[in-house]
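Participant: Residue numbers (numbering that gives the first Met the number 0), protein chains in the order written: chain A, 0 to 837; chain Z, 0 to 124.
Note that these hints are calculated values from the structure, not bench results.
Some but not every residue of chain A turned toward chain Z, in silico, with C-beta under 8 Å:
| # | residue |
| --- | --- |
| 1 | Asn201 |
| 2 | Leu296 |
| 3 | Val299 |
| 4 | Phe306 |
| 5 | Pro319 |
| 6 | Ile321 |
| 7 | Glu331 |
| 8 | Ile335 |
| 9 | Asp573 |
| 10 | Thr685 |
| 11 | Val686 |
Backbone N, C-alpha and C define an ideal beta-carbon position, used for all residues, glycine too.
These are the residues of each chain, in order.
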Amino acid sequence: MSDQNDLTLRAEQEERLRAVWKPPEGLFLRWTDVNNNRVGVWYTLTAFGFMLFAGVLALIMRTQLAVPENDLVSANTFNQLFTLHGSMMMFLFAVPMFEAVSIILLPQLLGARDLPFPRLSAFGYWSFLLGGVFVGGSIFFNAAPDGGWFMYPPLTTRTDLSGLGADIWMLGLSFIEVSSVAAAVELIVGVLKCRPPGMRLNLMPLYAWYILVVAVMILFAFPPLIAGDLLFEMERLLGWPFFDAAKGGDPLLWQHLFWIFGHPEVYIVFLPSIALFAMLIPTFAQRHLLGYPWIVLAAVGTAFLSFGLWVHHMFATGLPKISLAFFSAASEAVAIPTGIQVFAFIATLWAGRVIWSTPLLYAVGSIAIFTIGGLTGVMVAIAPFDWQAHDTYFVVAHLHYVLIGGTLLPLFGGLYYYWPLITGKKLSDRIGRIAFWVMFAGANLAFFPMHLSGLEGMPRRVFTYPAELGIGGLNMASTVGAYLFATGVLMVCIDLALSPTRPKGVRNPWNAGTLEWLAKPEDENWGIRSVPLIESRYPIWDQKDFVAKVDEGRFFLPDAEEMKRETIVTTVLDARPLQVVRLGTPSFIPMATAVALGSVFILTTYHLYWWSLAGAFVTLGCVLTWLWTGTAIIPEKPEKSIGHGIVVPLYISGPSASGWWAMFITMLADATAFSGLVFGYYFYWTVHPDFPPPDATGPGVFWPMVAMGTQLASWAATVVAREVHARGQVLAARSLLIVGIVLTLASLLAGLAGPWFTGLNPSEHVYPAIVWVLAIWTAAHAGVGVICQGYTLARSIAGRMTPRYDADLRNITVFMHFLALTAVVTYATIGLFPGASS
Amino acid sequence: MKRLRDRIAGLRVTLWTLIVPPSMWAAHFLFSYLWAALNCAKVGEFATFPTLFAIGTAVALVVIVAAGWVAHVQANRKGDTPPHDSGTEIDRLRFLATATVLLAALSFIGVVFTAMPVIFLTDCR
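The following block holds chain A by itself, in its conformation from the complex (with noise of 0.2 Å):
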């Protein structure tokens, strides 16, 4: 583009990209930003603070163990501590620690201007926020939850014997989980929709590969949770015993539930650092990484191999050996793809010429720690040493070396890394080191003595231990070094806490090749002043000019002609433009969203259920408003040029489209759960001979099949709306969604009439429980259902929906797919599977 020479048009074009991204401000406004950069430090920042917190608590558990038979905090004190840190760590820490540094980093590693769906970002963060003061804060009212971070019925489920904070844990974490599917479902689409032109597959920053497929993981390993979650607080509100053995339970389903989830928990903890490596080696080895394809393979193969490994966590629990010795194969098998990352990273510095700069001195530190942590996961994933080693400090050991090693250091060297390309400063190199030499020296001594004290017998989550044990110097050693591990932590603080008094550095400070480092110290709002053509996989070491084009607004969309927010979305394969998507501008939508949703969980902690009820329709009227002004906007133009002859257009629907992507991928979640729960009816069939109870009612053929014929119709007059909407035929679509409406209303109402005609008492049998929260799961989403097809005839008839722009239509026919899906499962299942029906 010659014009770009002209140096007052570039001025103009900067002045608008200025006015369009200006962050809102003002005390409250301010808090309105959607903006990943604003966002993604403040999730930062609280997930750090997490952190800290929840540090702190494991300090208290270590100085209450330093000598025998302590009396410094009683038992259930010690009891909360370990449960809160746990869970702190897992949930409010590595988790969304791994999603706030991707929000901020994801889009200036793919040189786009922002994620596709900010303002789910901003609800993401919101939900995360006041989910982690509740769950976290409950300890200060000595409320917190004290059944292990794993919370195993029965002792959790009986509320003769734990508290509100069991409630509080389920419900609190549920919600954050809420946000963490959020946050996935962004990166996800993020990765797949919005790279720069040319950057096909092959050319995708290493990071972007491992989110994608950690985000994936999540997809899959936390509804499963959620799913936990829903029986569980259905038996300790309602009664209803589907862990209770008395009645037909099992409190084994709970721990297949949550282990589902909490096995690939550890691999979305842990492959994001790995992550961090990936981008970091290849700068301070100089060169290019080695074994690209390789590097993927292991992400790819550690994501499937990491959801068979769930039961190694249940070795003792009296399982047919044959089936631990299937999940004792692929935990062995596990360790392959875990190597060869280690090794091509080993290969690349071997290559390289090598700077030993703060960050690198973090990554080899943490790859020692962390292989030691998988040689003793080697050692445990066999079963006979298992049942030696389990429940012991050995245990411990092992999991804090793994954990340490493969995130928290990675993460503190990330730290490091990225610090001057948030804030446009460096951190010490001095303090950096001698906080990482202490670090390391304060793991190893805590840890490494746990494998010994274990050995010698020390049990797990106990809150003293006998002076004869012989124990207390390995205790002592033990404390010492956690105090150690605390002042290197410390010593990191104080180094970000005098960043603010320190000039700004230089651009791309470690000479790094790849998209991120184009951000200036000074940065501005807009994320990248125009998007790059990409042709290497380091384009500012390869690509001649690349740093000046891109600043002179040479590469694409230089400009913000129209005065909206943009961002190009490309072709998932190859990167080739598709269109130019409007984003969310910064709104109280989504704070407020947040809120509504997360008094729903929190009221019905304290059994306040109508004032819950009433929190649900606040958070349905604020999903509605949020949708209706923020989405599927009919543009005023059908489409535009982003510069270099290339014309795309501003509105596209159906499978191209980020919004019917974000559609499909959170369907893929909530089909996940619901597996979750067809997978309990299933377990319960084959693990207990009298389920069903020889002489127990279920809800008969008749209504079950009424549900799933009325809601099959209702799927194809939504499938045929479709089709003829496309072609035209408005009037037709219209009445055929009402159709649909009348259809999937018949089916919500079949669906529960089964149970309640045959009159099932869910808390007198598992059977029962199960028929009916099938049921009930059903109809809510046939009620959600409902309220799809109605928003979408609204948009019609108010004219913000039209055959050329039909998105709203295209992705509600993805939730009725699922939707009949589910209900084809729930009503065979109930209604027809042997012995169901009599």
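We have chain A; now place chain Z onto it with these hints.
Facilitator: Quick look at chain Z alone, frame taken from chain A:
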């Protein structure tokens, strides 16, 4: 044979084909778990080298090897120069295909690992 290879080289390669081998591992793993759970809970035993399990494992291995071979042919598609990390159509294809070959190898090992306990364990204890 050459015509077959040419046709294979022209097949579409996507993110979905990338995950065929590990999905096969996952399917086989689920199958093994269900097979053992149902046999042990409902029958109370399983014979040494039971037929159903052997067939399931063979099917999984055949699919993984086939996917790996297809990807191997595609990974060696001619055109462009080494080291095959440019932003071209062929290099993108070669990358996805190479990653698929590697995943097929990992999945093959994974399936063999899963199958081994059935050789050594003979009952449901």
